[in-house]
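Participant: Residue numbers (numbering that gives the first Met the number 0), protein chains in the order written: chain V, 0 to 450; chain C, 0 to 450.
The reader is advised that the hints may include incorrect statements.
Note: identical chains are not told apart, hence a pair may lie in one copy or across any two.
Said to hold, decoys possible - No more than 25 Å apart at the CA atoms, straight line, and that leaves these computed lysine to any residue pairs for SDA-like: (1) LYS193 to ASP85; (2) LYS243 to LYS447; (3) LYS338 to SER445; (4) LYS337 to GLY374; (5) LYS296 to ALA319; (6) LYS347 to ILE264; (7) LYS25 to LYS249.
Just so you know, the hints here were simulated from the structure itself, not pulled from any lab data.
Protein chains: 2
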Amino acid sequence: MKVFRKRNQALMTDLYQLTMAAGYFKYKRNTKAVFELFVRDLCPRRSYLVVAGIEQALDYLETLSFSQDEIEFLKKLPLFKHVKSDFFKYLKDFRFTGDVYGIPEGTPIFSNEPILQVVAPIIEAQIVETFLLSIINFETMIATKASRMFTSAKGKGVIDFGSRRAQGPEAGVLAARASFIGGCIGTSNVYAGKEYNIPIYGTIAHSWIMSFEDEMESFEKYNEIFPENTILLIDTYDTVKCTKKLKKFKGKIKGVRIDSGDIEIESRKVRKILDSYGMEEVKIVASSDLNEYVIDKFSQKKAPIDFYGVGTELVTSPDAPSIGGVYKLVEIIENGEKKYKLKLSSGKSTLPGKKQIFRKEENGIFKEDVLGLMGEEKEFKNYTPLLQKFMENGKIIRSESNLNLMRDRTIENLSNLEYKYKDVNKCVDYPVKLSENLKKLREKVSKKYGK
Amino acid sequence: MKVFRKRNQALMTDLYQLTMAAGYFKYKRNTKAVFELFVRDLCPRRSYLVVAGIEQALDYLETLSFSQDEIEFLKKLPLFKHVKSDFFKYLKDFRFTGDVYGIPEGTPIFSNEPILQVVAPIIEAQIVETFLLSIINFETMIATKASRMFTSAKGKGVIDFGSRRAQGPEAGVLAARASFIGGCIGTSNVYAGKEYNIPIYGTIAHSWIMSFEDEMESFEKYNEIFPENTILLIDTYDTVKCTKKLKKFKGKIKGVRIDSGDIEIESRKVRKILDSYGMEEVKIVASSDLNEYVIDKFSQKKAPIDFYGVGTELVTSPDAPSIGGVYKLVEIIENGEKKYKLKLSSGKSTLPGKKQIFRKEENGIFKEDVLGLMGEEKEFKNYTPLLQKFMENGKIIRSESNLNLMRDRTIENLSNLEYKYKDVNKCVDYPVKLSENLKKLREKVSKKYGK
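Could you build all of it, start to finish, from the sequences and the hints given here?
Facilitator: This is the structure in structure tokens:
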């Protein structure tokens, strides 16, 4: 994400992070904290999440700083008038110096499991909350949605066409990245193709066809320029009538795209006509508000569709338009003393302590996860610990910028997950147990804070 | 949007825009086109939309260019191997040179009404489609959602707390902007505060309280640093128990925030306790997955809530997570000849010709809109034409960067809209008629293209 790094991002945060920072500066200068980013509930819409956005989170942490201009803006806010100037001096030299643990992108995780764990002076760990939440929430939501489409497409390629419905241009690029990690074969977003080396795909739009007086003329002209890469959009006026005229493109086109009407019925009609012309090699691309539920039906009915172009439904994930990630304080270390933390708010209570996720696999199938404490590795010898150290003293020590590896990880991990968790029409709770030590700790700390 | 302008944005587009551009370069060099950006259906979730994002759209159009690096990337794509080098030379000097008409931000519009109208050489008008759609779709969705919350809050302030659930950091800033236009009184996003001069708001987070051993100590410490701006978060452990201890803050705090539990019931309990201490001036801020439906209920039940902090529901708009804007060719001018265009795709047909929206107002109430053709102004003397010229020959000629004016426009316009269209629990079609000339044109062009 090199291009986006250059921009000043320090103020892309909630105001209270900075007022609390001023408070921590005064009272908690030497307090170290552990924050964890996790999602409480996945159901009723998701049985698992595919982690994405770690690379952007780390890039942000490594490069974060406040410009003079930004500091001046804060200084002049009436709100900050009682804050002493040494705080602003501190901001001038601010760097994130903490350690960060995270789940490698492309790994499925479940409710209450930390995706990211920030261990840093509390002031630093607090300031970064908003940015980390927005990037991890968003990319994880998209990678998860894409993985559901991947599953329902049963081997047919799913392509991200969503840029025009993402939350602005940057979101379109990030969505392309996350959807590739989640299992899409590529994107229409050229910037994402360049930046992340993701395969880019494109067909033609109705405007091209409409700009000519004759539909067939528009096809011929396009085919002249892109003789090896022509996918014709055939629904501008009448899909069947159009398809019947395509014999002349035998051997010349790669595919056709259907973007309206009853896609399943139309695809069968189109396939039949093309086959009758001996154009069996011509692929059918379907688009038009597709999602994993519709794709699943097409797969079950064996509709003759070779590629799915997904836009709006992929980038807005309307059945689960946010995944509800939160970033909570679980532990502080003050004057060498460790203090465990939780909140007891109604329906929003949290688990104390710096955690590790232990995953049990048997014969290539994920059986259960145990949410335990970091340091309990010995107790769970036959389990795989999922949280990895990505950053030490503010420097990235484990960099994963190869999106192909992340995508492979998603697909491999999904193959280890029993089908019931992947069934797009169901939500099934995967077993996430708490270790005995974590249970005891929760009990002890809950009592201390009143319940 | 000055900061975002500096970034290379030319490739933030769908691949097919650039392949079509190569085609237009070869065959349609002298063809001028009119594209319109509009939304087909608003129901069942929206009766109107509040336009936003025009400023970002114009900024993009005025500064768009291709860097050498971007052109090299395209040149090397196997896809472009038959495209001659003069196309890439053209991209090197590419500038958007067209005229743009649009609806001033903060104006409510209805189905099929153009929000933006681009009149330019077809190659230029095509390349910009993806960016324009993403920015207008997104900001309009958010401004609309915010306006619904504004209506349901009945005079109580609504504040954007949504950055952490937006689609990445840039989306959080844009959402803050759009939600202010839609009627929010401010945002927690500091960057948006600095960039757009939007009032910024903040309270404290649970982590601040949890970082102290004692809840009251954490409140006192915060109050010392921000004596005139303290809003205490009172639900970390037990809302009522906490409130009962607040007497010592009499005269010292601005408000309290409740973020969990049954907000309506809790707010009444809290109000009662505070009032019993003579702390009537202390405001109650509510947060926790609020939306216009919940706020409407609180308003009806007269819950003692003074401010609503809205996050996830504002920036993801889950009941309508995309507004479905499209960008369609309606007219081309070739060799001096005007040709009207439409598509007849099943369920996705369009209206031909360069349009104007005429709005009829009687006694301060919007009565109906007529969708007519640009040039029909004389026919609709008692109507207000809504589309304004914002850009001429690629230069912005009407700049509106004052968000306060846009916000005022929203509020004034909403007051002209009958309540049934603003009722968040209903969807009512506002009358949008077609002018006789537009109807005739549609009939004529439909016949020509086959129906």
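Participant: Next step is simple, just say for each hint if it's right about the structure.
Facilitator: How the hints compare with the structure:
1. LYS193 to ASP85: Between copies only: 22 Å across, 43 Å inside.
2. LYS243 to LYS447: Only across copies: LYS243 and LYS447 sit 19 Å apart there, 76 Å inside one copy, limit 25 Å.
3. LYS338 to SER445: within (13 Å within a copy, 73 Å between copies)
4. LYS337 to GLY374: This pair counts as within: shortest intra-copy Cα distance 14 Å, inter-copy 75 Å.
5. LYS296 to ALA319: both (20 Å within a copy, 24 Å between copies)
6. LYS347 to ILE264: between (47 Å within a copy, 17 Å between copies)
7. LYS25 to LYS249: between (75 Å within a copy, 24 Å between copies)
Of the numbered hints given earlier, the model fails none.
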